[in-house]
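Asker: Residue numbers (full-length UniProt numbering), protein chains in the order written: chain A, 1 to 248; chain B, 1 to 248; chain C, 1 to 248; chain D, 1 to 248; chain E, 1 to 248; chain F, 1 to 248.
Hints are computed from structural coordinates only; laboratory data are not their basis.
These numbers come from a predicted model, not from an experiment.
Check the hints yourself; a few may be wrong.
Since the list gives no way to pick out one identical chain from another, each pair is judged satisfied if it fits inside one copy or across any two copies.
Stated by the list, open to error - Keeping only pairs whose Cα atoms sit at most 30 Å apart, straight-line, the calculated DSS-like set for lysine-lysine is:
(1) K26 <-> K186
(2) K131 <-> K54
(3) K26 <-> K131
(4) K186 <-> K131
Protein chains: 6
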Amino acid sequence: MPAGELRHTESSSEVEGEAWVWAQIKAEARRDAEAEPALASYLYSTILSHSSLKRSLSFHLGNKLCSSTLLSTLLYDLFLNTFSSDPSLLAAAVADLRAARERDPACVSFSHCLLNYKGFLACQAHRVAHKLWIQSRRPLALALHSRIADVFAVDIHPAAAVGTGGLFGHASALIGASATILGNVKIGDGAKIGAGSVVLIDVPPRTTAVGNPARLVGGKERPSQLEDVPGESMDHTSFMSEWSDYII
Amino acid sequence: MPAGELRHTESSSEVEGEAWVWAQIKAEARRDAEAEPALASYLYSTILSHSSLKRSLSFHLGNKLCSSTLLSTLLYDLFLNTFSSDPSLLAAAVADLRAARERDPACVSFSHCLLNYKGFLACQAHRVAHKLWIQSRRPLALALHSRIADVFAVDIHPAAAVGTGGLFGHASALIGASATILGNVKIGDGAKIGAGSVVLIDVPPRTTAVGNPARLVGGKERPSQLEDVPGESMDHTSFMSEWSDYII
Amino acid sequence: MPAGELRHTESSSEVEGEAWVWAQIKAEARRDAEAEPALASYLYSTILSHSSLKRSLSFHLGNKLCSSTLLSTLLYDLFLNTFSSDPSLLAAAVADLRAARERDPACVSFSHCLLNYKGFLACQAHRVAHKLWIQSRRPLALALHSRIADVFAVDIHPAAAVGTGGLFGHASALIGASATILGNVKIGDGAKIGAGSVVLIDVPPRTTAVGNPARLVGGKERPSQLEDVPGESMDHTSFMSEWSDYII
Amino acid sequence: MPAGELRHTESSSEVEGEAWVWAQIKAEARRDAEAEPALASYLYSTILSHSSLKRSLSFHLGNKLCSSTLLSTLLYDLFLNTFSSDPSLLAAAVADLRAARERDPACVSFSHCLLNYKGFLACQAHRVAHKLWIQSRRPLALALHSRIADVFAVDIHPAAAVGTGGLFGHASALIGASATILGNVKIGDGAKIGAGSVVLIDVPPRTTAVGNPARLVGGKERPSQLEDVPGESMDHTSFMSEWSDYII
Amino acid sequence: MPAGELRHTESSSEVEGEAWVWAQIKAEARRDAEAEPALASYLYSTILSHSSLKRSLSFHLGNKLCSSTLLSTLLYDLFLNTFSSDPSLLAAAVADLRAARERDPACVSFSHCLLNYKGFLACQAHRVAHKLWIQSRRPLALALHSRIADVFAVDIHPAAAVGTGGLFGHASALIGASATILGNVKIGDGAKIGAGSVVLIDVPPRTTAVGNPARLVGGKERPSQLEDVPGESMDHTSFMSEWSDYII
Amino acid sequence: MPAGELRHTESSSEVEGEAWVWAQIKAEARRDAEAEPALASYLYSTILSHSSLKRSLSFHLGNKLCSSTLLSTLLYDLFLNTFSSDPSLLAAAVADLRAARERDPACVSFSHCLLNYKGFLACQAHRVAHKLWIQSRRPLALALHSRIADVFAVDIHPAAAVGTGGLFGHASALIGASATILGNVKIGDGAKIGAGSVVLIDVPPRTTAVGNPARLVGGKERPSQLEDVPGESMDHTSFMSEWSDYII
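With the hints as constraints, model all of the structure from the sequences given.
Answerer: Given below as structure tokens:
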């Protein structure tokens, strides 16, 4: 996707919203389905057959997290009802998609993040679990948490509050692969958590937590060059090098 | 569950045993099914439809670990037969449940641990794999080990001997998420292994192994305040802080 | 399997090739199916019903990586067609099997590695994803990568090139459990990556990367005794100790 | 269930409607779940976890009719959306449930008909297929028809219009087991079609079609005693005898 | 299988019993698995991995009759417990297997009948449903009945009593394909019910019911040559001709 | 599809062959996927992702006939290998598709017949079972036959030889729903078998067998007007009436 497609004026909030992202996702999926017949069935069932982002996301999460004792239809219903009753959850998902797309050079498309980023999917499902937790529906929150940990190997305690607009996925990510976030810590907006990290403390906004147990790098109090790097203008290799540079 | 429900006299060993824990688990599941209809089907199929803990655990492990080439009915049979032929395996599961419930503040109920703690489930399945291993049924032990690693992302070599009464789960745990325990090491009773740790050496009783590769903290020779903290009287936040304190 | 069965003259390349390894695998599976009826169905469906190694591997990967939205038959077709069109992929798998069998003392049989080593299976599926990536079939490469990460908890970016003949599995491995390999790094032949490691830099041949982020140990420039240890003559315990020695 | 529970005044249409039937179904399911733990999981997932009859029916049909290429979540969505957009479909289902419960002595409860009567389930799914057909969404109508025929062995062409309030199930039934209804015939209200019948002609209201090809018995023009028999006061045996009497 | 293998002295009841039939089944399955690798996995999972006929039959019925809302493990447990608590059910299955093998020329082996005869499998599952029915566990009996009708397209009301030693399968059969047996009728020992028949009346021993609704042919009061035909000495073609002769 | 699309000169055998039918099927599926997003995933997985008709048919049959003990990948392989080794099987499928499309007014498209006609699918799978039978691979033939009977409720003994170019489906059909074809009878080219029929005798070419047991109508020796009716010029209703006319 040419960078131009992502450009839009900050003032036009409507264009930046869910409708715009959903239109991008469908266009990407249609293009990929056309180019790759072997993937078309998957793209139609997960994206192109749905009338809205919240249905597509609920469907995908329901099918990812289901088991022989927790049926996909039950989970689909739970996600769809929760997303419908609290629009802030979908707004957070859209913010996450946009942040990943704009700042993570490995995120080649919105649909790639929606379908394949374990950190993104784990985070959206976690927010539903967190909402159930604060509604005192704890057994359901814990059952959902258990499935998130099983399927995505990302372990975020339902009591943990996770902000929006973070980076997800494997390369850098709000939440890297095999990350563990414990207890009632708070993960700030735009924070990042390295793969395999175990987070036991709050992570301030735009700060990175890495290691086991995690220590903080970057952020306002621990300045690093990472925040200054515009995702779009950065090639993948140099990003990797820079990241490993400032971590070690 | 009020703390009082967990109180029992040390002298009445019968009350403390499997029957008492199983009665607690059924009562918890009945309460949760009543409060949360969306979870009731799951709770009936995994707990309330079963006549004993060993059937419930065998059913749950069989459904968790099955695949298209290793059927749930075959695994259910394997677990049920092994638990029936060696009562020490179920006694170990009961000890694990009681230890987690009493000492892990994140463990809100026995049924939560039974259904959702990857470390707990991985450990029970591992003990069956270990038994097969020492019976020289190694191909079956290795196939079971492979499924445990796939599903729970916890990798304990079948040759490793794991003691009883440990802490499980995400917060602190005999066995944290994404832990790896290699070769013929010995994990002592009440030991803990941090999330993401790779254990290559014996972990003495009541000692914690953390990091990759794991180093030991706490225990008789490395005293820490963790052992002194009574689980029931400790709130989650402070526990987290204390834990991260003594690790770093 | 007695060591003698693995002995063969270096000059007879035909004997060492795919046909010989496949014959070994079938013989092992037949022996294990005979000894363990509970495992026979699994061994017949994954190995003994197939006419070639590439069919067995395609079947096993298809069934491991399938989901409700990516059917096993579709993935089986994808693997079988890719292995058929590029023989170097199967040659690499054979080299990996032989390296694991000869140098990893925990690898008790070829069939054990083929069926149960997450690192081995993740690596074979990754090579197919990498091939799709360099053919610019990126959406399919990323979807496959996502399934590899979900199922094996091993995260290798499709852009990463992975050499052949490495060590796999849990004990030591080209690719340990919960390993993450990012971006367009290069993993050299015979390299090893520790469990839970996050690799951001190239790993030269016969070098080991461990930790998060990974640092290099061993190799030509960082000599260690590991390379000198003949796998067959080493018992499991001492290997573990040696490994933990040189890491810490 | 005592007959008294079914008594209600004809004038109180509200009581007779969907809400009343749904309340009965939930009460029956709760009673059966209490009495039969082995069935409780099934009853909670199909009935007790749902907030309305249309959700329960959509869930049950979705799970009955799904296949590896037509996912349960997709079908659940299709049924729920269609039932929501056309309330007459659910009203027809309620009329069918009440007719079966009042007139078929083999129908021991509403929930039994809802969960287990192939004729009832096939007819509700058929009405959705028929609606798609008259909306010119024929490929979807035919795909749904194909699944209905596969799963329920009841073959009703999507062009056929089926009235409401018929008898379903095995003993006497609007639609008996293995029935085939072809082309654009019309099945009148309260008509019955015998097991194994092949219907090629219109079946007037309150008329029975039996045989292959089906001939008509009973009805206004072919009076028989069947219509006069009050279902509630009739025991199963005598009904069977009477039925076989008037057929032969 | 040579006819000689089926020969046994009437006096040695032990040899004729379950143990002997089970030994035959295992021998047949081993022979077929050897000859047909593509079928070996199926034969091992359904027969050769089991320690007894009742486990094999419970496993096969559980996997045949399961659905996404009625799990195979639950059904396996139900069948195994019921067969264990009432040995007459397994004795009836053995009698059915022996009758089919001795008198039905299309029944080429015991294992063929056990695995593939819909009539045989429907009848064994029906006897369990019938037992639940007379124990007043009617909701479970009806749910099981519903699955039997869905999967085998054979509809036997749980109230119907079915004798032992009948002929099953497609060619002639106690219970032919798409048969319907209603209400509390009684099917006598050695009776036969033609494919597609709808049985509303008692079928005396060694009598055949055919047609829709079924009429009786053969039996003590309606003598026909069918009973006189020894199954083993009859070739398939002539049997077919004879059967169609006396029906038409 | 306008009739014109089906017109082609009889002399151009190439156009009429597999390639032409496969092109039609893909065009129809593409049109339907475009018009009906809810069906697109199904159409891509079953048709549009495949490179040939034999792969599409093998995939569809494998997914239709699989069970938890007979995996879809195994069946896909069996169908693909058999279709590849004997081109006459695919030629017969093409002839069946063309006959249904040209003569059955209910067959609205080739893809509808390929995906949804139980008679068509049962017949193609039966021909593979029949081939296995005459190759003396009888246990596999019988296992496949059992699955065909379970899934399609169409029971054709593997010994029966079925000709090509027949009519399939529900309205008129070589093989109607719930048909049973026994023993080594021969079903001639262009013959039809009514729904629910039980065929015990040979059915000559272009003859219809109806009833239980089936009697013959039409054909050279029993002339009827059915053969004279050109399928394309006949509307569905009149066809139904005519059919029911000549049957009764």
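Asker: If a hint holds in the structure, say so; if it does not, say that too.
Answerer: Hint-by-hint comparison with the structure:
1. K26 <-> K186: neither (33 Å within a copy, 34 Å between copies)
2. K131 <-> K54: both (16 Å within a copy, 26 Å between copies)
3. K26 <-> K131: Cα proximity of K26 and K131: in one copy and across copies (28 Å, 26 Å).
4. K186 <-> K131: within (14 Å within a copy, 40 Å between copies)
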